[in-house]
Each structure stands twice: as C-alpha cells, then as structure tokens.
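Here the protein sequences come in this chain order: U and R.
Numbering-wise (our numbering), the first sequence opens with residue 1 and increments by one.
Numbering-wise (our numbering), the second sequence opens with residue 1 and increments by one.
For the record, the hints were derived by calculation from the structure and aren't laboratory data.
Here the structure is a predicted model, which means the values were calculated and not measured.
Among these hints, one or two may not hold up.
[Unchecked claim] Taking CB as the label site, the calculated pair distances span:
1) GLN243/R - LEU5/U: 14 to 20 angstroms
2) LEU16/U - TYR22/R: 38 to 44 angstroms
3) SER473/R - VAL20/U: 36 to 42 angstroms
[What the hints assert, rightly or not] Incomplete in silico selection of chain R near chain U, CB under 8 angstroms:
4) GLY100
5) TYR110
6) ARG115
7) PHE245
8) LEU249
9) VAL287
10) SER288
11) LEU290
12) GLY298
13) LEU302
14) SER523
For every residue, glycine included, the Cβ atom is placed at its ideal position computed from N, Cα and C.
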Amino acid sequence: MSYLLGFPTPIVEVFLTLIVLFLIVSVYLGMRMEGTTAVRDADEFTQSDVREVSD
Amino acid sequence: MGATVFGWPLQTWGGDLGVDYYSRTAVVFFVLFAALMIGIGILAGRYQTNEEEYFVAGRRSGILVVALAVFASIQSGWGMIGVTGTGYLVGLEYFILVGGLIIFGFTGSYWLLGRKMRVLGDVRNAITAPDAMYYRFQDERVRLLGAAAVLLGCMGYLAAQYAALGIVGALILPISFFQALVIGLLIVGFYTIIGGMLAAIWSDAVQGSIMIVGGILTAYYVITNSTLGWSGMTNAIQSGNPQYFEFTLLGGDGLMAIGLIISVIVIQATVAGQPHAITKFYMVRNVSVLKWGALITGAAYLATTLYWVAAPFVQAAVLEGTVADPGNPDATLPLALIEWAPDVVVAFVLTAVVAAIMSTSNAFLNMGASAVVHDYIIEYRGTELTQAEEVRWGRVTTGVLLVAAGVIAGTFPGLIFVLGAAGWAIFAAVIFPCVAIAYNWRGATAEGALAGGGSGLVLTILLAYGVEYLGLSLPYGFLGGQVATIVAVAVFVGVSLVTTTSEYAELDDDIRMILDLGRITGSPEQPTETIADGGSDTEQ
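The following block holds chain U by itself, in its conformation from the complex (with noise of 0.2 angstroms):
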C-alpha cells in the first residue's frame, strides 16, 4: 500500500488530519469568539480612558 508522496508509512496522512483539525478548531473559535463591551467607562477601578475594549 502506498501512502501520500510516496511514503511508506502514513506519516503525511497524521500530520495532515493534524492540521486540518487545528484548522477547523481554530476557524470555529474565530467565527465564535465575541469581543466585548467598554468596562472602562464603567469602571470604578481605574482611572484609564474609555478608548478601548469597546467593540
């Protein structure tokens, strides 16, 4: 039995079906992941601006 690009053992198979999982669970984790509302502005523990972490 031959394996992808020639090998004689599944090695590019693995670390394909590696990949391709790092792929999905990544992707999945970016299409998911929310950002967040301002905190600073509501904040009573710094006296930081309000510019960030407002999307």
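Fit chain R to the known structure of chain U by using the hints.
For chain R alone, kept in the frame of chain U given last:
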C-alpha cells in the same frame, strides 16, 4: 549535548556547528537586517513615555502584529535548526510530535486566556504574568513567586539564545563566536532597550515574516535541487534506514514510551503557561481582534515547519554517500542549504535564523525587565516612580539582563543548558496553574498557588540539574521538567481543594467578573458562559 531519551538526544541545540561557510551576500543581508532592527528601535523609542508603553506597547496593537509576535517569540532558533537536527537523527515522527501538537497549544492559549487577559489589562492595567497571578490571588507572595519564575526562566532562555546567536553569527560573518555574540547583543540590546515592547513586537512581526519566507524557500530548493528528488529520497531511506519513516515512539515501543508521550503533550499543552506568549494578549487594541489570532499564530508556525524538510533529504543523501554526515545534527539545515540552495537563499535563511533567535530573546529581555521593575520594585516593594523613571529603570534593567545573559552565554555553557532546558518548564510549572487554570477555575486558592507553583519551580530546577549532571534518568521516558509541571498542577489543585483563601467569594468584583467572563462569548456586564469548575458557588 543534553538529555537523551531511549538513546536519542532530544535537545541538541547549542554546540559548534562544524560547518565552513562564507558569503558576502550573507554579510550584506545581516547588515541590512541589523539596520532594519535598529531603525525599528529608534522609531518605537519615540513612543516610550511610561511603563504601559514600554512593557505592553500601549495596548493598541492589531492582531496580525500580536499573532505573529506570539509565534515568533515561541519559535526560536532551536525550533528551526535544533528540531531539524534532532529530526534528522530520530525520524519523521519527531516532527509530528513537535509541530503537529503545538498548534493546538496556541489555540488553547487563545481560548483559555485571550479574552480574560485583555479585559484584565483593561480593568487593572495589568502588564505582566505575575500581575495576573497577583490580581487573581491578591497575595504579594504569589506575585513574588511569579516574578522569580519569570526572571529565572528568562535568564535561562536568554543565555541559551545568545550562545546560539554567537554560533550562527560566527557562521554568517567572518568573525569569532565571541565577536559575533557581542555584535548580536549590541543589536538586540539597542532596539529592545530604546524601543521597549513596541520595538519587540514590531521586530517580531518582521522577523516572523522573514522566518516564514525562509521556510518556503528552504523547502522549495531542498526538494527541487537535491540530486535525489522526492522519490529518490523516500527510496534511499526505505532501503537504508526504514525505521526513519516508522512510528516507533522515538524508539521506545509500547509502555516504555508512555512517559515521553505524556511529557511531549504536557509541553504543547502548556503554551498557555508561557509568559512570552500570553502577555501579548494584554497588547491587542480590543478583544474582538483576538478572533483570528490562533489561526494566524498556528499557520505561521506551520510555515516554519517547512525548514524540517531538509532533514529527510540530508538523511537520504548521507545514506547514498552524496553528502558527508553533518556530524553535529544541528548542522543539518545549514548543510542542506549550502549543498542545494543558491547563495542568496542560504544567506537569507541564515539571516532568518538570526531573526528567530533575536525575536525570542527580545521577548525575554522585556519580560525579565518587567519582572524586576514592575513586579518587584514598583508593585512588591511599593516604590513610587514617575513615568519617566519607569521607562528609565526598564531600560537600565533590560541592559543589565542583556549583559548578564551574555556573560553567562560566553562563560558558563553548563549553566546555559540547565536553565535553557528548564526554561519552558519553569514557566509552565508556575504560570500555567496560577494563570491559565486559575482564571478558569473559581476554586483556586492562594495556598494552592504558592504550594503548587513553589514545588513546581524547585522540582523543575532540581530535575534539570540532576538529569544534566548527576546522571538521573526518569522511567518510561518521562522528561524532568514536565514531571515537575504535572506535580505543580496536582499540588495546586489538591491544596486548592482543601483551602479557601482567595476563592471566588473573596475576590474583588472586577476579578470575579473576569472569572465569569466567557472564554468565547459574553461581555463583562453580561457573561453568558458560567465556568463549570466545582468551585464555590455561594457568592453569586
């Protein structure tokens, strides 16, 4: 040469390469690269007005810069030259263990900590990993433990990186190891000291891009220019060294390899405990840009796995007798390039190796300095500094660490190995439980952090020293540093379960909000994901 498992050296990086090479093109590339880094330092230096600018680049970076900086600070010269060398000796399965799993470590770190650390940076102006530890546990001893771990790990990594810088610099330039070490230190020192973290992440992005292009060029020329060709390579290895393509668990079949496999998984799983990666989350301009960070970081890392293509081709060429055995396995990549790539590509890739070394070292310089100035002097000792003094002390400390690491690199090679090999595990044993787990588990306590992190730190150093100097060998292929990480996490969880200080109920509202904040969705005001953790829930 360091620790071996089943007779294979798992870390070969750091010895003399034993390769003769000189190219005027390489000198030109090196000079251009150095000028670019110095230019970045000068440009970034204009923004350095306070410690938030100096240590977290003003929290206004885009995801491309941050994601490439996470990748570039993790992928070091060892990942390009050392891994290629070990894979040349051990076989292709080694590359799968290293490259196929760490991409999930990147994804895991974005998932566990990306949103939480960015919001923590906002509500508490957190700058360092020990900051995150302190705010979670509200105990100065935990901050001190974190600062000690960061400083120790940084010094080890720095010294190892500078030894490598001297070796590769001496290969590119017609000068000695010591001269190359000094020139490299001057360049990396200049842009890091003057430009702070902003220069570090800008240069990381440039260096990361150079590393990616170098990987693509390496694979192309090795595959197309080697005399064997692809099928010649597979045939030569299959007839001369068939084990090279097989899954032998690095030569330790069956149960013998279980410790090694667990150790490798622990290494990849504890990316979220590496401060040079996770403190980058403080630096993005807002939370939503983290979305595609894991994908960019992992994809960039995968592009640099293309350097590893050199290993089977050199293995086949040596078996066929067309290329002399490289001797030192670290010479595998330079040898493949010199044999098969045009001069301009060899010069470019060697410059990329220097870029990898520098990009890793500037991250550690900045972190080591922040552990001393921010965590110890400003926060632990309570010293009042003006904004200008914060930047000045940051620069002075960065310079002192640079010189100290350079001296260690030039004079104490044994110490380099012990600390360099232990660096990842030192961070993992302390920061993984006390930040990555603690911000996702309400039941974590200060006693757990001190006991787990403290025992992990001590055990990591003892095992690294014992394996290197006392002939200590752990059963089933376990690696010392990762045993220490497992012990640290177990002690952390065990002690946390029977103690109560700094549990969720005792925390300030803003820190409880971060613990409640979902890893993927939800906002600080309306967390949509409650963390199932078995911790106390009486305080809602």
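Notebook entry, point to check: Any of the earlier hints contradicted here, and which numbers?
Noted result: Result: hint 8 breaks, nothing else.
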